[in-house]
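Student: Residue numbers (the working numbering), protein chains in the order written: chain X, 1 to 211; chain F, 1001 to 1384.
Hints are computed from structural coordinates only; laboratory data are not their basis. Note that the structure is a prediction, hence the values are computed from the model and not measured. Incorrect hints may have been included.
What the hints assert, rightly or not - Taking lysine-lysine pairs in the DSSO-like style, the calculated list, with each CA pair at most 27 Å apart, reads: (1) Lys-1244/F x Lys-1014/F; (2) Lys-51/X x Lys-1092/F; (3) Lys-159/X x Lys-1264/F; (4) Lys-1244/F x Lys-158/X; (5) Lys-1097/F x Lys-159/X; (6) Lys-1097/F x Lys-15/X; (7) Lys-1136/F x Lys-1208/F; (8) Lys-1038/F x Lys-130/X; (9) Lys-159/X x Lys-1038/F; (10) Lys-17/X x Lys-1136/F.
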Amino acid sequence: MSKIQEISKAIELGKKKIMRGLVEEALAEGFKPIDILNQGMIDAMGIVGEKFKANEIYVPEMLVAARAMKEGVELLKPHLAGGQTTVLGKFIVGTVEGDLHDIGKNLVAMMVESAGYAVIDLGVDVSTEKFIDAIKANPDCNLVGLSALLTTTMPSLKKSVAAIIEAGLKDQVKIIVGGAPITQEFADMIGADAFAADAASAAVIAKAFVA
Amino acid sequence: MNHRERVLCALNHKEPDRIPLDLGAGCSCKFTKYFYVKLLDYFGIKDEELEMCHIPYQLVYASDKVLDLLGCDVRAARLKPIKQGESYYAKKWEDEKSYFYRNDWGTLYRMPKQQGLYYDLAGCALGDAEDEEDDKKFVWPTPDKFAMVGRKELENYREAGFATTISEQFGNGFLQTGPLIWGFENWLAMLVAEPERCTPFMEKLLEKKMEFYDNIFDVYGGLIDVTSEADDFGTQRGTFISPKLIRDMILPYHKKLNDYIKSKGDVKITLHSCGSVTAALPDIIKAGFDILNPVQITAADMGPELLKSRFGNDIVFWGGGINTQSTLPNGTPEQVREETKRNMDIFGKDGGFVFSTVHNVQDDVPIENFIAMWETFQANCKYR
Chain X
1 MSKIQEISKA
11 IELGKKKIMR
21 GLVEEALAEG
31 FKPIDILNQG
41 MIDAMGIVGE
51 KFKANEIYVP
61 EMLVAARAMK
71 EGVELLKPHL
81 AGGQTTVLGK
91 FIVGTVEGDL
101 HDIGKNLVAM
111 MVESAGYAVI
121 DLGVDVSTEK
131 FIDAIKANPD
141 CNLVGLSALL
151 TTTMPSLKKS
161 VAAIIEAGLK
171 DQVKIIVGGA
181 PITQEFADMI
191 GADAFAADAA
201 SAAVIAKAFV
211 A
Chain F
1001 MNHRERVLCA
1011 LNHKEPDRIP
1021 LDLGAGCSCK
1031 FTKYFYVKLL
1041 DYFGIKDEEL
1051 EMCHIPYQLV
1061 YASDKVLDLL
1071 GCDVRAARLK
1081 PIKQGESYYA
1091 KKWEDEKSYF
1101 YRNDWGTLYR
1111 MPKQQGLYYD
1121 LAGCALGDAE
1131 DEEDDKKFVW
1141 PTPDKFAMVG
1151 RKELENYREA
1161 GFATTISEQF
1171 GNGFLQTGPL
1181 IWGFENWLAM
1191 LVAEPERCTP
1201 FMEKLLEKKM
1211 EFYDNIFDVY
1221 GGLIDVTSEA
1231 DDFGTQRGTF
1241 ISPKLIRDMI
1251 LPYHKKLNDY
1261 IKSKGDVKIT
1271 LHSCGSVTAA
1281 LPDIIKAGFD
1291 ILNPVQITAA
1301 DMGPELLKSR
1311 FGNDIVFWGG
1321 GINTQSTLPN
1331 GTPEQVREET
1341 KRNMDIFGKD
1351 GGFVFSTVHN
1361 VQDDVPIENF
1371 IAMWETFQAN
1381 CKYR
């Protein structure tokens, strides 16, 4: 097994503690940092996402895999050109106004980051204005994620998506929405580009947007 | 057949005279504050004081008057806690934008002052803990004792022929209490990466829960028909953690607790577990649970036909009457009627069903939809 394959395996199994050794060894063996990132880490998280969607693994295994990757990326950063660890773009994500839930949103942020996006997490109870200001302030942002857990905050989600479209930002960003009561039908109705049923699907969709 | 006989008959998987009804009493069958005000208004009830029963979800105890008007077969004990010692963490405060409170478990909750309908998690006691040494800093709450005066209330309910329930718990379940102390992501990662940190916590939780039930039975012994433990195993698409981990790591504690509760009284035990829990249901049943709530029929693999045909002989469905994620708040009254009737037809067969909404009735539910559901229930609840 090559060192890159070992790194990939370690991430799949969430072995955070052995990441330092593996990354150092891979660099010493002359593997390019960008290959370690792409083939060792991002691809491993792709496999993790697939396994999650197939119910072969569950949220805890996905979490520890993402934490192992985060550790690996930190170690790799000084070796990458300009510390650049993101290849696909920038993702701005938040839970909509009036809604304070963030478990699902955090998982989505984590998986989209693991797929190769830079992530700006605006947190919870995010106003429409805050979403729009953040998109405008980050011209390299190409994907926005909005989350709502409550039936009572679905109108707030609709309002924010409408405002992003209204502000003429659809040339810059794709919009992805999710949350327990959200459906594909609702996403279509409010004019979002995609609905993600879970964090792994969000990562797959995020990748597909720039493919 | 009185209310209690009806409920017990259904809980024993036989058909009573009609499907029993729980709107407003049992675990997650209650009303949020603002919806309850709409209901009072509908019934033309004035000057009723609201009695809160759950602060984070802003739920109220429905009055006997309202429960009578609805024809609810169940009554919940309104626990009157007597604090055992000072709570280390408990505190309440507010700032310009939000109300805050920290409970006995050190869990911080926040509700926005504007348009705030619920309190949500905003922090926890061991959010930064990294190892067992840090874990030791947690200060356990002591289960409350309860005022003896509460016994009279349940005696009256029993005398009036109602089924009775204790719908409160000490903390949350064995899977879902940890997240309140370490944070959701930390706890779930610990479960697979550092189980040695989770096990001592769950052991201690079991001990404390037993003490809680000691205190409950000291006051209410002989008067309780149904108790409820809450442990959310499901998400919209499946279980949070693998069914194997639920079976090996979580349910053994529930089994011990259930055995203990049943040694103290002839009660049926509910598991409140949101989301898709079908994959864990065989093990939930083996752990000694008699009743599943809230029966989230729109989650993956939770359709009424599937649940009833595969598990209907082995567990009672208490909930599942109407989908509260779309139909009840956002559907038309006609859609509400249609779905209510369909779910009653499927779940009601051969007993084993207590009609309630899937989870508490929330503020955004139009009163017309609630009444459409209730009328449909009344028109179709009789067994032939």
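Student: Each of the hints needs a verdict: does it hold here or not?
Tutor: Comparing the hints with the structure gives:
{"no.": "1", "hint": "Lys-1244/F x Lys-1014/F", "verdict": "violated (32 Å)"}
{"no.": "2", "hint": "Lys-51/X x Lys-1092/F", "verdict": "violated (43 Å)"}
{"no.": "3", "hint": "Lys-159/X x Lys-1264/F", "verdict": "violated (53 Å)"}
{"no.": "4", "hint": "Lys-1244/F x Lys-158/X", "verdict": "violated (39 Å)"}
{"no.": "5", "hint": "Lys-1097/F x Lys-159/X", "verdict": "holds (22 Å)"}
{"no.": "6", "hint": "Lys-1097/F x Lys-15/X", "verdict": "violated (42 Å)"}
{"no.": "7", "hint": "Lys-1136/F x Lys-1208/F", "verdict": "holds (16 Å)"}
{"no.": "8", "hint": "Lys-1038/F x Lys-130/X", "verdict": "violated (34 Å)"}
{"no.": "9", "hint": "Lys-159/X x Lys-1038/F", "verdict": "holds (26 Å)"}
{"no.": "10", "hint": "Lys-17/X x Lys-1136/F", "verdict": "holds (23 Å)"}
Checked against the numbered hints above, the structure violates hints 1, 2, 3, 4, 6 and 8; every other hint is satisfied.
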